[in-house]
Amino acid sequence: MSPSRRNPARDQVAIVGLGRSPYGRDRVGCTPGSLVLDAAIAAARDAGVGAADIDGLCGSTVATAYVQAALGIGRVSWFANPASVIGNQIVAAVAAVHSGMCETALVYHNAYRMPFASRSAGRDPMRRRAMLGLAETRSAWGTGHAESGANSMFGANAYAAWAGRYLHDYGYGRDTLGLVAINSRTNAGRNDNAVYRDPLTMQDYLAGRMVRDPLSVYDMDIPVDAADAFIITTTERARDLAQPPVLIHAASLGSTDYGIEEQLLDLNHAGQVVVAERLWAKSELELADVDVFYPYEGFSNIALSWFENVGYCGRGEGGAFVRQHWVEDQQRILIDGRIPVNTHGGSLSEGGTQGAGHLYEACLQLRGAAGIRQVPGASVALVTPGGYYFNSQGFLLRRDG
Amino acid sequence: MTHDELLDAFPGVRVDQDNAAYYRGLLEERVVVNRCDDCASWHHPARSACPRCWSRSLTPTAVAGTGTIVLLTVLHQGSRKEGADFNVGHPLVAVELDEQPGLRLGGTVLGADPATLQLGERVRVVVRRLEGRGPRVDFERMS
Ligand SMILES: [Zn+2]
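Just so you know, the sequences run in chain order A and B. For the first sequence, the numbering used here begins at 1 and goes up steadily by one. For the second sequence, the numbering used here begins at 1 and goes up steadily by one.
If you're looking for bench data, these hints aren't it; they were derived computationally from the structure. Here a beta-carbon is modelled for each residue, glycine too, at the ideal position from N, C-alpha and C. Incorrect hints may have been included.
[As the list claims (entries may be wrong)] Per the computed footprint, the stretches of chain B lying under chain A, defined by three or more beta-carbons under 8 Å from a beta-carbon of chain A, are:
1. 24-30
2. 88-100
3. 106-113
Whenever a hint applies, use it, and build me the whole structure from the sequences.
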């Protein structure tokens, strides 16, 4: 069956408010809830809406009921806490706004350094209780995962194994992954919100502490305390609000019958393939229209697969493509000498917020509000958060008018 | 064996009605995988329907336990509670069983220098008893 071309919501729903709680590796005194409130208040003020204007709520792990009570949002007619970030929240809100379940939705996601994520987080006694009341992550999935730990192909372990398989099958060395990490770091140098801004050389990269072979510390996203929030409403209403609307031209999630990580047959069966097929089928834009590209790189190999799946190159050619479009004197990727990639520094250097930071930056660029890193004339952004299995997602965003 | 006894044998593992046969098999040092009575295809982890033909008629069936490494990483970091040597490097593999393409189990490779392990190597299942965790599937080299 060829992918459906239906897209009645095309350009009808917009992102019109942006807010965030600054990304940090050493923040104290914050909770997941306080981070979300920082971002939510900032996003509403940015859009010029108040509690009475918000009638939809959609978040990740912090319950919408918490946010609604904390911000005194009197009445909402739609709310949801879908699992995978950030695409599920955005897609749900687009559907809710377009279908009339609500008019103006507040969408949010936060990251929080759990005590196992870093030494400094582990020293914070209150973080040690932060898991209380949360389901054990693995059992909560309900996907068939029954065990965790060093003998299980799960999460980061499996991404490392797939990275190894990729390098092996297509004959690349680790320096190929290094280009993704260096690109992020170079771009982060121009982003005050990024937690790592010092330049990274290939020599530094190759000397990085090995964590899960072939992935080193530089190949894996940086745990941060952070939150991002978005105000989503009809394009019509957005045009009356404070900021230039960013139109959601096309959006898609993607998943296949992978089972659990090691059962994924091969990278042709990743959810990313579904996203790309459906995204292009329902879009009136083409890859050549894209001015800025945001492939998720929470693990560096994921970004190489996105280059392949969205159509810049064929399967296994992502590594060669990145090298071919590498600009040595800028130490970053410019596709065809023009299109920058992860202009904010991505999860590897801005900080790991599971793609929410990628989306936020794309909106900033399309508003023309990215300051010293603004890409001149950026009018179409391709944002592809998520990895291989349960959280592949893509967005084509464009400037209004 | 009662459900309570089975759960007690696997602390920390999400044993349920769908996968109980797999874990009961491990207690007998056998690897038992769901096989469809109607189309003969295998699936893992165990679920209550055949993903190929939707049959609900499934029989947990012992596999030969031989296969090929299709995914490989070496872990250099982890919890001390795991009892693995992260200094040398702890190998973690997915093995495609000979019974069916895509039918895979994950585990470590026992007694192997991680630096010498390669994708495509032949291995066999070892059911290993771990202190306080119950038996689990790992692998050893065939040659
Ligand atoms: Zn069947």
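Going through the earlier hints one by one, which of them does the structure break, listed in rising order? 1
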